[in-house]
Amino acid sequence: MLPRTTIAILALSSLLVFTSTFSSAQQEQSESKRKVVTRVVPAYPDLARRMNVRGTVKLEAVVASNGNVKSLQVRGGHPLLTEAAQHAILKWRWEPASHETREPVEVRFDPR
891 MLPRTTIAIL ALSSLLVFTS TFSSAQQEQS ESKRKVVTRV VPAYPDLARR MNVRGTVKLE
951 AVVASNGNVK SLQVRGGHPL LTEAAQHAIL KWRWEPASHE TREPVEVRFD PR
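Counting from 1 along the sequence shown, just add 890 to a position and that's the residue number in this note's numbering.
Just so you know, the hints here were simulated from the structure itself, not pulled from any lab data. Computed from a prediction, not measured in an experiment: that's the story for all the values here. Certain hints may be false.
[Unchecked claim] SDA-like, lysine to any residue: derived pairs with alpha carbons at most 25 Å apart:
{"#": "1", "residue 1": "K925", "residue 2": "E950"}
{"#": "2", "residue 1": "K948", "residue 2": "H977"}
{"#": "3", "residue 1": "K981", "residue 2": "E950"}
{"#": "4", "residue 1": "K925", "residue 2": "L949"}
{"#": "5", "residue 1": "K923", "residue 2": "V943"}
{"#": "6", "residue 1": "K960", "residue 2": "T991"}
{"#": "7", "residue 1": "K925", "residue 2": "N956"}
{"#": "8", "residue 1": "K923", "residue 2": "T946"}
{"#": "9", "residue 1": "K923", "residue 2": "T991"}
{"#": "10", "residue 1": "K923", "residue 2": "R992"}
{"#": "11", "residue 1": "K948", "residue 2": "P1001"}
{"#": "12", "residue 1": "K960", "residue 2": "H977"}
{"#": "13", "residue 1": "K981", "residue 2": "G966"}
{"#": "14", "residue 1": "K948", "residue 2": "D936"}
{"#": "15", "residue 1": "K981", "residue 2": "R939"}
From just these sequences and the hints, can you work out the full model?
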């Protein structure tokens, strides 16, 4: 049988994990899914095309209330593709909103 202190530590650890998971789930729900009104297709980088690099670039766009992209953060993707994705997304426009939002964006690259 486990000592009481070990059980207490395990219970507290579980509570901390649950609390942090719950807060991040709430944070994701508060993020908006505004409608994109202007999309720009990214140019496929020549080197990536020659190397047959394909994949998805995941970004998070901070979108101002007027719909313009204020900033971008790369969340994942091949380094040869991320710059092209960022260049294009900076030209995207979202519908206006009452406040700034964070929008998840995925850009797929396929050399076909």
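Tested hints:
1. K925 / E950: Given pair K925, E950 holds - Cα atoms ~15 Å apart, limit 25 Å.
2. K948 / H977: Judged against 25 Å, a Cα distance of about 13 Å means the pair holds.
3. K981 / E950: Distance ~14 Å between K981 and E950 Cα, so the pair holds.
4. K925 / L949: holds, 16 Å
5. K923 / V943: violated, 29 Å
6. K960 / T991: Since the Cα atoms of K960 and T991 sit roughly 10 Å apart, the hinted pair holds (cutoff 25 Å).
7. K925 / N956: Distance of about 12 Å is within 25 Å: holds.
8. K923 / T946: Cα-Cα ~19 Å, so holds.
9. K923 / T991: Holds, at roughly 8 Å.
10. K923 / R992: holds, 8 Å
11. K948 / P1001: Cα-Cα ~18 Å, so holds.
12. K960 / H977: This hinted pair holds, its Cα atoms lying about 13 Å apart.
13. K981 / G966: holds, 20 Å
14. K948 / D936: holds, 20 Å
15. K981 / R939: Status holds; Cα separation ~22 Å.
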